[in-house]
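J.: What follows is each chain in one-letter form.
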Amino acid sequence: MATAKSVPPILAVRELVKDYGPVHAVRGISFDVPRNCCFGLLGPNGAGKTTTVEIIEGVTPATSGEVLYEGRKAGAQFRQDSGVQFQTAALQDFITVRETLEMFHRLYRRRADIDQVIADCALEKLQKRDNRKLSGGQRQRLLLAIALVNDPKILFLDEPTTGMDPQARRNFWELVERIRARNKTIVLTTHYMEEAQALCDEIVIMNEGVIVTQGAPDTLLKAHYKEIILELPEADLAELPAEFPFSTYRRNGLVEIHTDDANEAITRLSRAGAPLGRLNIRPFRLEDLFLDLTGKELRS
Amino acid sequence: MIQRILAILHARNLEFLRDKATLGWNVAMPLLLVAGMAAIFSGGDRASYKVALVQAEQEINTAAHPYLETRYFDFIAMDQEEAIQQVANHQLDLAINLNSGTYWINPESPGGYFAERLLEASSEEGAWLRQPASGDPITYVDWLIPGILGMNIMFSCLFGVGYVVVRYRKNGFLKRLKATPLRPVEFMSAQILSRLLLAIFVTLLLYGATRLLLDIRMEGSGLALFLVAVLASISLVAIGLAMAARVTSEELAGGLLNLVTWPMMLLSGVWFSLAGAPQWVQQLSNIFPLTHALTAARDIMLYGAGFADVLPQLLILAGITAAFLTLGAALFRWRGA
Chain Z
7 MATAKSVPPI LAVRELVKDY GPVHAVRGIS FDVPRNCCFG LLGPNGAGKT TTVEIIEGVT
67 PATSGEVLYE GRKAGAQFRQ DSGVQFQTAA LQDFITVRET LEMFHRLYRR RADIDQVIAD
127 CALEKLQKRD NRKLSGGQRQ RLLLAIALVN DPKILFLDEP TTGMDPQARR NFWELVERIR
187 ARNKTIVLTT HYMEEAQALC DEIVIMNEGV IVTQGAPDTL LKAHYKEIIL ELPEADLAEL
247 PAEFPFSTYR RNGLVEIHTD DANEAITRLS RAGAPLGRLN IRPFRLEDLF LDLTGKELRS
Chain R
52 MIQRILAILH ARNLEFLRDK ATLGWNVAMP LLLVAGMAAI FSGGDRASYK VALVQAEQEI
112 NTAAHPYLET RYFDFIAMDQ EEAIQQVANH QLDLAINLNS GTYWINPESP GGYFAERLLE
172 ASSEEGAWLR QPASGDPITY VDWLIPGILG MNIMFSCLFG VGYVVVRYRK NGFLKRLKAT
232 PLRPVEFMSA QILSRLLLAI FVTLLLYGAT RLLLDIRMEG SGLALFLVAV LASISLVAIG
292 LAMAARVTSE ELAGGLLNLV TWPMMLLSGV WFSLAGAPQW VQQLSNIFPL THALTAARDI
352 MLYGAGFADV LPQLLILAGI TAAFLTLGAA LFRWRGA
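Residue numbers (the numbering used here), protein chains in the order written: chain Z, 7 to 306; chain R, 52 to 388.
Among the hints, a few may not be true.
What the hints assert, rightly or not - With a Cα cut of at most 20 Å, we get these calculated SDA-like pairs of lysine to any residue:
1) Lys71/R to Gln93/Z
2) Lys139/Z to Phe224/R
3) Lys79/Z to Arg234/R
4) Lys134/Z to Asp70/R
5) Lys134/Z to Leu68/R
6) Lys134/Z to Leu65/R
7) Lys134/Z to Arg69/R
8) Lys134/Z to Arg234/R
9) Lys79/Z to Thr57/Z
10) Lys221/R to Ile287/Z
11) Lys221/R to Arg145/Z
12) Lys221/R to Arg291/Z
13) Lys71/R to Arg138/Z
14) Lys139/Z to Lys71/R
15) Lys71/R to Asp136/Z
16) Lys139/Z to Asn222/R
17) Lys228/Z to Gln203/Z
18) Lys221/R to Gln203/Z
19) Lys139/Z to Ala72/R
20) Lys221/R to Thr57/Z
21) Lys221/R to Thr56/Z
22) Lys221/R to Thr66/Z
23) Lys139/Z to Arg234/R
24) Lys221/R to Val65/Z
25) Lys71/R to Asn137/Z
26) Lys139/Z to Gly223/R
27) Lys159/Z to Ile120/Z
These aren't lab readings, by the way, just hints derived from the structure by calculation.
The structure presented is a predicted model; accordingly, all values stated were derived computationally and were not measured.
Generate the whole structure from the sequences, applying the supplied hints.
T.: So, in structure tokens, the structure goes:
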């Protein structure tokens, strides 16, 4: 019986380089995308993640390196098997949602049931609506539906929930979960760390064209952090207690205390007279990991 | 492949047909132009007389006969057969052959009457042999309509395709298509077919309207004329696609397309005949597909030419199409630089 390790990846990126004149956008990165997982490609603006994913999708040529799909150079079969949702993509004016889907549907040999795609993406009531008259969230759902018309084996989602309200984002995550449950591989690029943490089985964090770290989110967090974080508003802790042997950071109006002994830290704060009514205790998150690894905020 | 071309073709047609303002303008503008031209020029006013000099050389030697020094007369070197045909159709007032001492006149032509009187006045009595050349007059509108039809095809095909491709590239729609199995040649084929259908539809509409409203001449083969329109459309779409193959700015595309359309509009014989123009201008005009399309269309509509007669023009149009399609396919980019 084959073990999980022996299953070849659906996608392999090898020594990928992309230069724009003197600018080195991607600097020789390599990674594998396991099949049937949600794979996150994370990074701040300018990290090279969009360039990387567009090279994989075949819409941007690489300066050097290669992308292997099912062990072979990604080509015509990859285009048949992949679905792509760009963060922004113009659609034709004066065309309805259903007509747009039908047009893309006819470009593929492999085809999904178009009514099922419409139902999956909650577009039933919008089928006859002109593309120009869709809201931001509706448009994102249509772009996702377009990416699904060929029943793709591998689905690329580029910043799919940017601009969505929290409820719409949660709904979108549920939809992505349902798609993944059908044994699809999903490659997700996102700025939202909670999104990556909620959806991704494995992530790559990029910065300045190189991979900073790669692995399962929980594994990465466990490997990097043995502590937890106590958060207090800066107004409640203008000065630290005299003897306070913990690492502290001031970010976004909060004082962060990193500790592996929360009881001791709280006791010392209490003795120093700090008000603890607004104390928040939380584990380290991907956002913290990114910040520590790159020193950059993820969200632009 | 066919399935993908048809998918893009269908969507593009829907997009165009539902854009009422653009569709209306595409149909209304040439109709208005025809009506305007008819109103302005159907009186036949003109400032000069045109006389053909039957000779092989293009240069006119005004010292050869006192008549050739007559002011307000345009003397055009021409071969005898063509000159007689144009005199018969009132396109020329007179044709003279100095070597044989013969002139041809349409007895029904007012211009011919005056041109003949001046010829007699500048010559000795009995110096000329008078030959009648009868035929229905070809009015300026008869002559202009093929030009208007051709010009409409030119604008529709060059700008209609060029701008659309640039807009698709600029707004990222082409990038989205690149992530599908669609190939450039399939995308270009769909654009050609879509614009061809539109150009032919509007041309047929205009042709029908002008036949009905202005009773324009149609002496030759309708099928041959249809073929000329189809090949002219495809060749112009091919040029439009080649010019828009990489451009991402509508402004630049507009400039490039104007670089082609203006010389073509002025030098392809849309508004006036180049028969009296310098030889180099006539030769230059041969690089434009519209010149060959209009020559063929006028030969068919005004002089009754058939398929075989316009075969050279059809072959040239086919050659231009092949050259620019190859160039366009080689240059085509889904995305800008």
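J.: Which constraints among the numbered hints does this structure fail? Numbers only, ascending.
T.: Hint check: 1, 8, 10, 12, 18, 23 fail, others pass.
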